[in-house]
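Chemist: Single-letter residue listing:
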Amino acid sequence: GIQVEQSPPDLILQEGANSTLRCNFSDSVNNLQWFHQNPWGQLINLFYIPSGTKQNGRLSATTVATERYSLLYISSSQTTDSGVYFCAVALYSGGGADGLTFGKGTHLIIQP
Amino acid sequence: EADIYQTPRYLVIGTGKKITLECSQTMGHDKMYWYQQDPGMELHLIHYSYGVNSTEKGDLSSESTVSRIRTEHFPLTLESARPSHTSQYLCASSDPGKTHEQYFGPGTRLTVT
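Those protein sequences? They're chains A and B, same order as listed.
Residues in the first sequence are numbered consecutively from 6, following the numbering used here.
Residues in the second sequence are numbered consecutively from 67, following the numbering used here.
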């Protein structure tokens with residue numbers, strides 16, 4: 006199956022700092038999603054980005070499918086950005102319902 | 067408002083009990099999924115469904131079972147809970163007609179004593 010590696014595993018920053026989270030994957034994909042898991046365990050959709058670049062406020066993401074990596078940028082960090090960020094991928098073909106393969110996540114702590 | 071609902075949010079139960087975790091979605095999606103997540107770890111797919119009367123096992127072996135009698139409802143059952151079943155269980159759905167983007171419910175945190 007597809008392997009997903011995220012880096013760094015842990016990141017501690019001061020409020021206002023910028024950060025870049027990386028996701029490498031081992032095979033072609035046609036679904037790549039970034040999630041933020043809040044302290045209550047809920048997964049919040051950040052981006053659906055199998056290729057290209059998207060921006061949403063202070064967050065942006067870029068996926069270079071040919072080189073099998075994706076980057077999540079967080080600018081001007083706030084304490085509410087703390088939590089675990091997951092990258093998840095899948096390769097769907099012919100209507101298959103296979104689920105997402107998740108990386109181990111980046112645990113981000115933003116200190117005031 | 068279209069959403070995914072899971073009940074209960076938290077459950078503490080004794081060994082040997084039968085439990086059913088509920089998942090419902092009002093998004094009109096055909097495909098639904100169950101994932102298991104141990105504390106501090108990544109999510110693993112344990113069951114999925116293409117639609118009504120379709121159920122498939124996922125990548126991670128699980129003693130749980132699922133059913134899909136209605137499009138919007140995808141419950142997960144453990145016939146006899148054990149401490150090794152202690153985990154968080156998250157339900158998701160996706161609409162293959164547009165993208166394959168998956169949307170998750172709030173999860174059920176299960177503790178078996």
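In short, the hints are calculated from the structure, not lab data.
It is possible that part of the hints are untrue.
Heads up, simulated SDA-like pairs for lysine to any residue below, C-alpha to C-alpha not over 25 Å straight-line [unchecked claim]: (1) 109(A) to 129(B); (2) 109(A) to 89(A); (3) 109(A) to 150(B); (4) 109(A) to 128(B); (5) 83(B) to 165(B); (6) 59(A) to 10(A); (7) 109(A) to 83(B); (8) 59(A) to 32(A); (9) 83(B) to 71(B); (10) 109(A) to 106(B); (11) 59(A) to 103(B); (12) 109(A) to 103(B); (13) 109(A) to 163(B); (14) 123(B) to 22(A); (15) 83(B) to 110(B); (16) 109(A) to 22(A); (17) 109(A) to 165(B); (18) 59(A) to 149(B); (19) 109(A) to 33(A); (20) 123(B) to 60(A); (21) 109(A) to 63(A); (22) 84(B) to 68(B); (23) 109(A) to 135(B); (24) 83(B) to 161(B); (25) 123(B) to 35(A); (26) 109(A) to 84(A); (27) 59(A) to 129(B); (28) 109(A) to 84(B); (29) 83(B) to 178(B); (30) 109(A) to 126(B); (31) 109(A) to 60(A); (32) 109(A) to 70(A); (33) 109(A) to 76(B); (34) 109(A) to 75(B).
If we take Cβ atoms under 10 Å as the criterion, some of the chain B residues that face chain A in the derived model are [claimed, not checked]: (35) 99; (36) 108; (37) 112; (38) 114; (39) 122; (40) 170.
Even glycine gets a Cβ: it sits at the ideal position worked out from N, Cα and C.
Chemist: Confirm or reject each hint.
Modeler: Status of each hint after checking the structure:
1. 109(A) to 129(B): holds (23 Å)
2. 109(A) to 89(A): holds (9 Å)
3. 109(A) to 150(B): holds (21 Å)
4. 109(A) to 128(B): holds (20 Å)
5. 83(B) to 165(B): Violated. Residue 83(B) to residue 165(B) sits at ~39 Å, over the 25 Å cutoff.
6. 59(A) to 10(A): Satisfied, since the Cα-Cα distance of roughly 21 Å is no more than 25 Å.
7. 109(A) to 83(B): violated (31 Å)
8. 59(A) to 32(A): Holds, at about 22 Å.
9. 83(B) to 71(B): holds (23 Å)
10. 109(A) to 106(B): holds (9 Å)
11. 59(A) to 103(B): Not satisfied, since the Cα-Cα distance of roughly 28 Å exceeds 25 Å.
12. 109(A) to 103(B): holds (11 Å)
13. 109(A) to 163(B): The given pair, whose Cα atoms are some 29 Å apart, is violated under the 25 Å limit.
14. 123(B) to 22(A): violated (43 Å)
15. 83(B) to 110(B): Satisfied, since the Cα-Cα distance of roughly 24 Å is no more than 25 Å.
16. 109(A) to 22(A): The hint holds at about 23 Å.
17. 109(A) to 165(B): Between residue 109(A) and residue 165(B) the Cα gap is close to 24 Å, so the pair holds against 25 Å.
18. 59(A) to 149(B): Between residue 59(A) and residue 149(B) the Cα gap is close to 42 Å, so the pair fails against 25 Å, i.e. violated.
19. 109(A) to 33(A): Judged against 25 Å, a Cα distance of about 19 Å means the pair holds.
20. 123(B) to 60(A): violated (35 Å)
21. 109(A) to 63(A): Holds, at roughly 23 Å.
22. 84(B) to 68(B): violated (30 Å)
23. 109(A) to 135(B): violated (33 Å)
24. 83(B) to 161(B): violated (34 Å)
25. 123(B) to 35(A): The hint holds at about 22 Å.
26. 109(A) to 84(A): holds (22 Å)
27. 59(A) to 129(B): violated (40 Å)
28. 109(A) to 84(B): violated (31 Å)
29. 83(B) to 178(B): holds (9 Å)
30. 109(A) to 126(B): holds (15 Å)
31. 109(A) to 60(A): holds (24 Å)
32. 109(A) to 70(A): holds (20 Å)
33. 109(A) to 76(B): holds (24 Å)
34. 109(A) to 75(B): Measuring from Cα to Cα gives roughly 23 Å; hence the hint holds.
35. 99: holds (5 Å)
36. 108: holds (4 Å)
37. 112: holds (9 Å)
38. 114: With Cβ-Cβ at 5 Å, under 10 Å, it holds.
39. 122: holds (7 Å)
40. 170: OK, holds: residue 170(B) within 10 Å of chain A, min 4 Å.
In this structure, the hints that do not hold are numbers 5, 7, 11, 13, 14, 18, 20, 22, 23, 24, 27, 28, in rising order.
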